[in-house]
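**Q** Mind docking chain B on chain A? Use the hints.
Chains A and B supply the protein sequences, listed in that same order. Using numbering that gives the first Met the number 0, read the first sequence as starting at 0 and increasing by one per residue. Using numbering that gives the first Met the number 0, read the second sequence as starting at 0 and increasing by one per residue.
Derived from the structure by calculation, the hints contain no laboratory data. Any given hint might turn out to be false.
Simulated pairs of lysine-lysine, DSS-like, Cα-Cα distance not exceeding 25 angstroms [what the hints assert, rightly or not]:
(1) Lys669(A) <-> Lys461(B)
(2) Lys133(B) <-> Lys175(B)
(3) Lys336(A) <-> Lys148(B)
(4) Lys363(A) <-> Lys335(A)
Here are the computed distance ranges between Cβ atoms for each label pair [said to hold, decoys possible]:
(5) Val564(A) <-> Glu419(B): 39 to 45 angstroms
(6) Glu203(B) <-> Asp705(A): 55 to 61 angstroms
(7) Tyr575(A) <-> Lys163(B): 55 to 61 angstroms
(8) Lys148(B) <-> Pro155(A): 56 to 62 angstroms
(9) Cys676(A) <-> Ser137(B): 56 to 62 angstroms
(10) Lys163(B) <-> Ser844(A): 52 to 58 angstroms
(11) Asp705(A) <-> Asn94(B): 57 to 63 angstroms
(12) Ser489(B) <-> Gly892(A): 36 to 42 angstroms
(13) Asp332(A) <-> Gly454(B): 38 to 44 angstroms
(14) Asp333(A) <-> Ser433(B): 48 to 54 angstroms
(15) Ser565(A) <-> Glu419(B): 56 to 62 angstroms
(16) Val95(B) <-> Ser485(A): 16 to 22 angstroms
Where a beta carbon is used, it is the ideal one built from N, C-alpha and C, also for glycine.
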Amino acid sequence: MSSAVSTEPLLHRGFRQISGPRFRSRTLGRPPPPAASLSCAPKSLFRHARRSCGSGPRRGGGGAAALRARASSSGAAVLEALESTDVLFEEAFPLQRTEAVEGKIFVRLDRGKGDQNWQLTVGCTLPGKWILHWGISHVDDVGSEWDQPPAEMRPPGSIPIKDYAIETPLQKSSMTMDGDEFYEVNISIESNSDIAAINFVLKDEESGSWYQHRGRDFKVPLMDSLRGDSNIVGAKRGFDLWPGTLGQLSNILLKGKASEYKDKEASSDLEVSKQKVQCLEGFYEELAIVKAISIQNSVNVSVKICPKTAKTLVYLETDLPGDVIVHWGVCRDDSKKWEIPAAPYPPETKIFKNKALRTLLQSKEKGNGFWGLFALDEEFVGFLFVLKLKEDVWLNCMGEDFYIPVSSTRSPSLLRQKESDSTEISGKTAETNTEVSSTAYTDGIINEIRNLVSDISSEKSRKMKTKEAQESILQEIEKLAAEAYSIFRSSLPTFSEEAVLEPEVPVPPPHICSGTGTGFEILCQGFNWESHKSGRWYHELKEKASQLASLGFTVLWLPPPTDSVSPEGYMPRDLYNLNSRYGNIEELKDLVKKFHEVNIRVLGDVVLNHRCAQHKNQNGIWNIFGGRLNWDDRAVVADDPHFQGRGNKSSGDNFHAAPNIDHSQDFVRKDLKEWLCWLRSEIGYDGWRLDFVRGFWGGYVKDYLDASEPYFAVGEYWDSLSYTYGEMDHNQDAHRQRIIDWINATNGTAGAFDVTTKGILHAALERREYWRLSDQKGKPPGVVGWWPSRAVTFIENHDTGSTQGHWRFPSGKEMQGYAYILTHPGTPAVFYDHVFSHYQSEIASLISLRNRNKIHCRSTIKVTKAERDVYAAIIDEKVAMKIGPGYYEPQSGPQKWSAVLEGRDYKVWEAS
Amino acid sequence: MEVSVIGSSQAKILKTDLACRELGLLSFKNGSGVFWRKSKISFGQSSGLRNSGVRLTLKAVQTEAIRPQKISRRQSRHGVRLYVGLPLDAVSSCNVVNHAKAIAVGLKALKLLGVEGVELPIWWGIVEKEAMGKYDWSGYLALVEMVHKVGLKLHVSLCFHGSKHAKIPLPEWVIKIGEQNPSIFFTDRAGQQYKECLSLAVDEIPVLEGKTPVEVYNDFCESFKSSFSSFIGSTINGISMGLGPDSELRYPSHQGLSRSGKVPGVGEFQCYDKSMLALLKEHGETTGNPLWGLGGPHDAPAYDASPSSNSFFKDHGGSWESPYGDYFLSWYSNLLVRHADRLLSLASSAFGDSEVAICGKVPLVHQWYKTRSHPAELTAGFYNTQNRDGYEAIAEMFARHSCKMILPGMDLSDEGQLQEGLSSPEQLLGQIWSACKKHGVEVSGENSSDTIARGGFEQIRKHLSGEDVAHSFFYQRMGAYFFSPEHFPSFTQFVRSMKQPQMHADDLLSDEEEAEEPVAVTSESGIQMQTA
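This is chain A alone, in the form it adopts within the complex (with noise of 0.2 angstroms):
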């Protein structure tokens, strides 16, 4: 089982390695598929054992060609004698490191086919998934808002993003550049079309890394070009500050006015690194990045007994690139003490105080890798190794030194034992039933994090601890207290509680966390993209209350309730201004007092990253605010040019499409503290719903949550997902990443909506690839698979669905979603359109369900089947579900498992 487990991500990676552009770099080769490495071991093993067991270790460093041909030569008689003897343990590891890989990125606008056709092509020369972010102005545009390009433009694959954007991944060109492979995409354009510009960033999803044009997004303007002449200076009101070389086409990359100087400076650099290849009325331009990649690399272990000198042999071998140096050292016993062996070494071998012994490898005769052959005597059970490459990188085996078991009285058996624990340890829990294991599994996180900390001296590198190790530790601490807290209780104080020692303690309310509110919220969203027509929302809502109640809904999410410019709310003006589409102020606090009457808690949809100014400056820009809070430019980041912000840079995204606030200004945050807290005062909110929060950082989440303590929190952290060639990953960690990320930065103060959960869900019921619902850890793949307490699952809002229909679920599968996400943990969220259609009552009763088996957000989760037309999982060891056409019954153990739903393609079954 455990070899498995840390081999599969390899030959996973292997596969796709293949396929895809993910492990070229420069410096590196393609490594060999792992299957040809695997099966070259023993070949190998014994030309060079042959070698070991004559007079090769004697010679030191200088033989190693004399010897290589001895070897060949004498090699054929002993060969099937040493096939023969047992391979003691062999084992193909994988390595992971980073390298800093250069490459450029170029932009090229050339002419289509006819007249009135262009072609903006975006390209990278570096391996990665590149995603361009990107959307157009258009002639009329005053401000600096993106908009989206018409659907005609947009390449196949591109996502749109909110209304602003379009994401579309870059392709693996069949051509070369210079020898090299490249990603590009190529946009079509109609020089026909009003478009004035297109703007882009440059995403790695890899790597989550977002490339600009010089702190500015990239501007590629069209009116002027596509009119004839390139030079495009003047050519536009708004323009007329681009600084640099006037009439060159390297100009053509523009950045707003607002850093003028900085590009002045910059512009003799420039001349310097591009390469200009001027086309006829196009243009092309290079820029020079660096980028750290990850690269995957194996090292293949292999021990058997020589039979001559009844050494033990360790033949090891690496596709690492460059000089490889195993650091390695042997052991008695299972302590994994570091020694020194007694000499005969390998060639090229030095002692490192006196602690180890470092050899450099050897280079293959043949194509790529090194390798290494170590002979030990007997004593010994087990190898050491770590391996170091040139630059003081070294590389372990998941953040252990590599141990090899040796000895011929004892079987491989050891070292899978030994590896089932660090499997155990990232979380896979799924198949421990009893309390024993559970108790293993404690005790390898706790030698987890023993070894983690306390030893210095091998060098340990704490970068493959992973998150849901982490994860899985905090849950795990979780479970412990609740277990230890349920026992002394029953095992009531052996002692009366007379003694308080200090008078008037006061005893500290229930501990509720707004990430998670009690941890059995349900939430339904009370709203839809078209609420704001009645004009009288309030009123229609206020009336369902008692409907949602006994529906069993917990928290309610209301539409954004301020003076906005635009009717459905979120885009707000004068914050303290409560009158909206939706009803006045009164109606809110009428409809909050309901609800709160019928027990359900309201979340304010609270707009914090933007705010539409009511004034123009002295530029006749918008950017002067007005109510009772009237900031100015102060209060606008610098790094929109389109509203000419005196404020600090953003720090996060820009939403383009109104002044983005600057929230490192302690004035601003002053006010919308204060704003946040009169709005729960006054109106009654118990918490928020945070739009648009990769607008900010989310400490600034964390600033404002500790000052309204709100009962629960939850932020739209939406970006897009991993694709390759138009098609979603079945991995989708840097997604969930980047949710967790923003979470971690309010340190956990606010939960996130499980975007990466809805697109799995899409991606998974549509094409009917069920297999997508088990991560490589057969762990919920979404947010909810990480963090669960933190995530707010969800299937559909009033962006993806409603009228928009940005992202919609797919149609007619809507119960299947919610039979996944409300058994399953994280804190599910439904969807109003939902709620008041046809489904209600199958919501209804999973809801019931989730509540009678008490399913909280920390359930623990079991995924039991995941193929391509079915997933099946069991909650909490009481709860089985299953969605997807294929079939399923759960298994009769300790439970007894009888049907309670059932609906197109879904199953709920209860224990009894």
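**A** What follows is chain B alone, placed relative to chain A:
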């Protein structure tokens, strides 16, 4: 030509870092523990991390996506080790581990949380229960083994007192002796005895079957030492010597009477047992004031009375300022110091050669601190008034034996006290702490009671992140409440908040001399990027 990178998610190591923060996992390097800093600072650090993804260079022909920078390892501050007290009745009076399962689970939770260790009270009344010299360590050995297995450190408190609270009395044979000879116990003016510990006046009188209490204590320590020799210096890294009632160095000036809800009174002097009176008489004679040696102050108020209810403690013109007052108080407090001196000297000779920290606990008698006479301190044996520093001598004595001082009450704030009580835990703590600092005595903190008041964690954090660095902190104490949903999450948060800065520093130590850490671009606003 350059390309900038924004909003890059951190390199892997950083994610780990963040995750660690979240968990508050604690790593101990070279035995150093937590780096305490204000939580504000750690907030700022996160800001740096978040934005560390930005680095643009002027000459940039190319832009790098955030290369980690080498930062040399520096340990700027001494760490604070966090210990959680095990239940007082962790080992029952019949010498078995109580709720072993709960403790085992609890220990794991604590280990995962990253605390340094646990504190274990070892009771005289349990180990040497039946007869003098008949020690039974089995329950404690089992418990120590459990702690050892989990990989936590252990601080043991040797308790030479009994506890009504935990229903743990003194050894049976001692109680029997006390029935025949009640004067081995502290006694008040009215003749009431305090039977939870022996009077310090009999320290060197052979009242226990021909042995003096100090000799008995010493035998106990020696037996402990030999029984636990394999743990001492490794798992067991600290030993507290019980110095009096509730382990604290003081007279039982309230005799353990309940003080619920009310402003506690000043307490009473406990100098009325036979041996004390004898010592007082002798002292009066040797100092030439035989009349002063006949009894305690006649004008001291009763236990629950306020200072002004009689003339001894009156702020102005009270007898405490008279020559008699000074005579009596000097004697009374000096006995306490000499008692501690004896026991600590015993402890340091017993354990001085092992790698353990030896501690004693000094109480925080903060009631009435804002009056001139500090009456509650005076009855408890600390001659600390407006005119005189009573803690200097104690700190000096601790220093002489290289003992650390445990100061409880770190969770108490002045605001949390009743106005009428004229109390000031913060000022008193400050005073004792500075006395310790002056004499080079290391301080360990402790909270005042099992139920931490609102804001208590904040207060602890404040004390521990202040100028003076505490050596360790004892959090009291594990039990049902400790793990309850009302308490445990805030404790977790407390531990994490303490660790945040430390986590950061810890990551700096990941390699031998140098470690990777991202360029932290922190500015006042938190988001200023460096642009070319």
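**Q** Next, verify each hint and record whether it holds.
**A** Each hint, compared with the structure:
At most 25 angstroms may separate the alpha-carbon atoms for a hinted pair to count; Lys669(A) and Lys461(B) meet this at roughly 24 angstroms. Of the supplied pair hints, the one linking Lys133(B) and Lys175(B) holds, its CA atoms being roughly 16 angstroms apart against a limit of 25 angstroms. Our distance criterion of 25 angstroms between C-alpha atoms is met by Lys336(A) and Lys148(B), whose separation comes to about 19 angstroms. Distance hint between Lys363(A) and Lys335(A) is unfulfilled; the C-alpha atoms sit about 30 angstroms from each other, more than 25 angstroms.
Checking the proposed 39 to 45 angstroms range against Val564(A) and Glu419(B) shows it is violated: the Cβ atoms sit about 58 angstroms from each other. For Glu203(B) paired with Asp705(A), a C-beta distance near 57 angstroms keeps the hint of 55 to 61 angstroms intact. Between Tyr575(A) and Lys163(B) the beta carbon distance is about 59 angstroms. The supplied range of 55 to 61 angstroms therefore holds. Checked against the given bound of 56 to 62 angstroms, the beta carbons of Lys148(B) and Pro155(A), roughly 60 angstroms apart, stay inside it.
The supplied range of 56 to 62 angstroms is met by Cys676(A) and Ser137(B), whose beta-carbon atoms lie about 58 angstroms from each other. The hint said 52 to 58 angstroms for the Cβ distance between Lys163(B) and Ser844(A), and at roughly 56 angstroms that hint holds. The hinted window of 57 to 63 angstroms between Asp705(A) and Asn94(B) is violated, with their beta carbons roughly 48 angstroms apart. Range check, Ser489(B) to Gly892(A): Cβ separation about 39 angstroms, and the 36 to 42 angstroms hint holds.
At about 52 angstroms, the beta-carbon gap between Asp332(A) and Gly454(B) misses the expected band of 38 to 44 angstroms. A hinted range of 48 to 54 angstroms holds for the C-beta pair Asp333(A) and Ser433(B), which are about 51 angstroms apart. Take Ser565(A) and Glu419(B): their Cβ atoms lie about 59 angstroms apart, and the range 56 to 62 angstroms holds. A C-beta distance of roughly 21 angstroms is found between Val95(B) and Ser485(A), which places it inside the suggested range of 16 to 22 angstroms.
The structure shown violates the earlier hints numbered 4, 5, 11 and 13.
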